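Asks: Just need the whole structure built from these sequences, with the hints factored in.
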Amino acid sequence: MHTTSRSRLFAQSRTLLQAVLLCALSLAGCASLIHREPVRINVVGLEPLPGQGMEMRFAVKLRVQNPNETAIEFDGLALELDLNDKPFATGVSDQRGSVPRFGEALVRIPVSVSAVAVVRQALGVMDGKAVDNVPYTLRGRLAGGVLGGVRFSDKGTLSLPDGLKTPR
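Our numbering numbers the first residue of the sequence shown as 34 and each following residue consecutively.
Just to be clear, a hint being listed does not mean it is correct.
Said to hold, decoys possible - Derived DSS-like pairs (lysine-lysine); straight-line CA-CA distance at most 25 Å:
1. K188 x K94
2. K119 x K188
3. K94 x K119
Quick caveat, the hints were computed from the structure, so don't treat them as lab data.
These figures come from a predicted structure and were not determined experimentally.
Replies: Put into structure tokens, the structure is as follows:
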């Protein structure tokens, strides 16, 4: 009986070890799937939308480029836009779509700009900050997919038209 119990314990230990090894190999396989090049984002358009009260609304059009070997399926989008390192606009969309492998897609996200954000930017101008070039940061996420979605970000400078630039 002692030998049978030892054999059973050995068999259970071997089964447990096999399960742990299988999990480790599975996780290693998933880790290789996770490595993706970051998507590239370009703002290609801005259209006015009707707002409520003192709110301004726009539809931001983004060109999403996928430099990866597999398509990116998404089921929802979120976007944040900062100007002069201050929050300016946010938006979400329940749009569904796909960005093909080594391809691109246009997406449209409605964003809201609160009156507080407009006042905050105006106060920055009144403080004497130059507004010839406005630094921006764009962050967002294409939601969904097996791995929970794809995050993106972009930074740059918006050049204002001559009529809107601060006189020197």
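Asks: Hints first: check each against the structure and report whether it holds.
Replies: Hint check:
1. With a C-alpha separation of about 16 Å, the suggested pairing of K188 with K94 holds against the 25 Å cut-off.
2. The hinted pair formed by K119 and K188 meets the criterion: a straight-line CA distance of about 13 Å does not exceed 25 Å.
3. Restraint check for K94 and K119: the C-alpha separation of about 21 Å stays at or below 25 Å, so the hint holds.
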